[in-house]
Amino acid sequence: MRRFLPRLRGAATLSIVLGGVLAALLVVPQAADASVSGGDKIAWTYVSSKQPRKSNWNSSDDAPVGNGVGHAGTFRSFFRMDVSKVSGKHVLAAVFRAYQNSGPCEPDVELWVTGEITSATTWNHQPQWLRRLNAATASDQFGACRFGWSVKDLVVEAAARGDRYLTFGLRAVDETCPAEPHVFESDIAVDPYFGTTVSPWLNIEFNTAPDVPSQLGFNPGTGCTGTPPTGDGRYARTLTPVLSARFTDADDSVQQVRGHFQWAVAGGAALGEAVSVFRNVGSRQCAAVPAGQLVEGGTYAWRVRAEDRYQPPGEIEFLSDMGEWSAWQEFKVDLTPPAQPVVSSTVYPENALGAWVGTPGEFVFTPNGSTDVAVYRYATGWDGLTGTVTAGADGTATVTVTPTGGGDQTLRVWSVDRAGFSGPQRIYAFTVDQNPEPSVSSAVYPADGPGGGAGVPGEFTFSAGGGRGVVAYRYQFDFGTEVELPAGENGTARATLTPETAGAHVLSVVSVDGAGYASPAHTYYFSVDPGPASEDPGSA
Numbered sequence: 000m001r002r003f004l005p006r007l008r009g010a011a012t013l014s015i016v017l018g019g020v021l022a023a024l025l026v027v028p029q030a031a032d033a034s035v036s037g038g039d040k041i042a043w044t045y046v047s048s049k050q051p052r053k054s055n056w057n058s059s060d061d062a063p064v065g066n067g068v069g070h071a072g073t074f075r076s077f078f079r080m081d082v083s084k085v086s087g088k089h090v091l092a093a094v095f096r097a098y099q100n101s102g103p104c105e106p107d108v109e110l111w112v113t114g115e116i117t118s119a120t121t122w123n124h125q126p127q128w129l130r131r132l133n134a135a136t137a138s139d140q141f142g143a144c145r146f147g148w149s150v151k152d153l154v155v156e157a158a159a160r161g162d163r164y165l166t167f168g169l170r171a172v173d174e175t176c177p178a179e180p181h182v183f184e185s186d187i188a189v190d191p192y193f194g195t196t197v198s199p200w201l202n203i204e205f206n207t208a209p210d211v212p213s214q215l216g217f218n219p220g221t222g223c224t225g226t227p228p229t230g231d232g233r234y235a236r237t238l239t240p241v242l243s244a245r246f247t248d249a250d251d252s253v254q255q256v257r258g259h260f261q262w263a264v265a266g267g268a269a270l271g272e273a274v275s276v277f278r279n280v281g282s283r284q285c286a287a288v289p290a291g292q293l294v295e296g297g298t299y300a301w302r303v304r305a306e307d308r309y310q311p312p313g314e315i316e317f318l319s320d321m322g323e324w325s326a327w328q329e330f331k332v333d334l335t336p337p338a339q340p341v342v343s344s345t346v347y348p349e350n351a352l353g354a355w356v357g358t359p360g361e362f363v364f365t366p367n368g369s370t371d372v373a374v375y376r377y378a379t380g381w382d383g384l385t386g387t388v389t390a391g392a393d394g395t396a397t398v399t400v401t402p403t404g405g406g407d408q409t410l411r412v413w414s415v416d417r418a419g420f421s422g423p424q425r426i427y428a429f430t431v432d433q434n435p436e437p438s439v440s441s442a443v444y445p446a447d448g449p450g451g452g453a454g455v456p457g458e459f460t461f462s463a464g465g466g467r468g469v470v471a472y473r474y475q476f477d478f479g480t481e482v483e484l485p486a487g488e489n490g491t492a493r494a495t496l497t498p499e500t501a502g503a504h505v506l507s508v509v510s511v512d513g514a515g516y517a518s519p520a521h522t523y524y525f526s527v528d529p530g531p532a533s534e535d536p537g538s539a
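Sequential numbering of the sequence shown, starting at 0, is according to numbering that gives the first Met the number 0.
Treat the hints with care, since some could be wrong.
Claimed, not checked - Distance ranges between label pairs, derived from CB positions:
(1) Arg308 x Lys151: 19 to 25 Å
(2) Val264 x Ala92: 42 to 48 Å
(3) Gly530 x Gly479: 20 to 26 Å
(4) Gly530 x Val482: 23 to 29 Å
(5) Ile315 x Val276: 19 to 25 Å
(6) Arg308 x Ser118: 44 to 50 Å
(7) Asp139 x Arg308: 35 to 41 Å
(8) Val189 x Ala249: 32 to 38 Å
(9) Ser343 x Val482: 40 to 46 Å
(10) Ser343 x Asp407: 17 to 23 Å
Don't read these hints as lab results, they were simulated from the structure. Using N, Cα and C, we set each Cβ at its ideal position, and we do this for glycine too.
Given only the sequences and the hints, what does the whole structure look like? Please build it.
In structure tokens:
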């Protein structure tokens, strides 16, 4: 619920009001010469029987009403007030208020709804006096006289029609007997208690019904998360789905709302309903369908609307307004996960040697009899790549992946149906062709035997070993830093290494082709000859 306040200075605000019929009252600085203020009224004028052809359109005068003493004439005042801000709202109360500057503080002034006023309005050209409203009340407190008229019904009608403004007229109950006229403030009043305030204004209370809920969907379990659920909302993978939506209200970010959920057989009988608890606007709320109402394969529908809660001033009990229903959301219960998918590839056939490493290959996924596969998820064994591909109308999908490692590889694939169920995983094994291990030789340090000596350099020769397209070799000596050597014209390379210690050593070497793919490693073991034993100094 929202309330509009008159702009007050000085004393505390005692009431919440909408300035000028249904326009938010503005804080207006005190002015020496009062003029038309913005926000509380759009325009105003008054007419006098003594000057029947004179227009007082948007005058800086105060607003006279009644039959003046000493042949001063009869006065009437008119105000055009903005009501657009409560269009379509639930109006709870509305009182037109005016501050009297001079005259008797007696409720002998009538408030009317009139026709249009313009700059041509005069005594001789007055608008129609259409409807007299409720009797006035007058309050003389703290040396200030304030008038009020209940106009709730009128404002309710204007809000329902979507009117932009209303025009009010003030006239005396008895215009035949000369009396001291009532003179009302037409812009800014200085009240001894309230301080500076706008006059006239409309004290109005209203509430806006909450918005149609948004982000409708299923949660798979029994909880209610703060984010929209994922998956296809047309399928539920449980007999007790949790229905959820986000709730908003235009009135106030701290106003509380709750959801009213309903579910039924699609196009048929209602099955049940549930109401969530009141929470602040902007929250996501849920309701679970209880067990025993849905069956596997059944088709159902659900909808939801929001209900707010507010407490009108002076009332003990809370009131509520309902928003509009969402559209019906149809869904089907599906408790059966999809079958293990079938995977095939002509570039990389299963359990067989396929194309050269780095060759893109198509893999075809088929549903293996399942009729509701929505997507396939897959993961590669050589680089940990994961992905998702949408199934076509026939349930099949094709992905292209490029193995970055040679030898035995795997592709893991599983189906996911429309309800979000994942089927069993399919492991597809194949072999990627690649260069064999390179050859390694050394005359100083032969493989698996002793040679050389500590601190003795030795040359090692690397060759392709039957591989093709080799452009470089990478080696690590005793698990140290990897070093890359370019291959010569004959596809070989040479490295000179100097072991610092006697005993066992290891050299790991791979060949690299023009696309940058490495072969399996050749691990070359050798030992360094400790040399002749040193002479014992203590021997004779």
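How the hints compare with the structure:
1. The given range of 19 to 25 Å is respected by Arg308 and Lys151, whose C-beta atoms sit roughly 21 Å from each other.
2. Taking the beta carbon of each, Val264 and Ala92 are about 44 Å apart, inside 42 to 48 Å as hinted.
3. The hinted range of 20 to 26 Å is satisfied by Gly530 and Gly479, whose Cβ atoms lie roughly 24 Å apart.
4. Distance hint check for Gly530 and Val482: the Cβ-Cβ separation is about 27 Å, which falls inside the suggested range of 23 to 29 Å.
5. A hinted range of 19 to 25 Å for the beta carbons of Ile315 and Val276 is consistent with their spacing of about 21 Å.
6. Between Arg308 and Ser118 the beta carbons are some 47 Å apart, a value that agrees with the proposed interval 44 to 50 Å.
7. Between Asp139 and Arg308 the Cβ separation comes to about 38 Å, which falls inside the hinted range of 35 to 41 Å.
8. Here the CB-CB span from Val189 to Ala249 is close to 35 Å, well matched to the stated 32 to 38 Å.
9. The beta-carbon spacing between Ser343 and Val482, approximately 42 Å, falls within the hinted interval of 40 to 46 Å.
10. Distance hint check for Ser343 and Asp407: the Cβ-Cβ separation is about 18 Å, which falls inside the suggested range of 17 to 23 Å.
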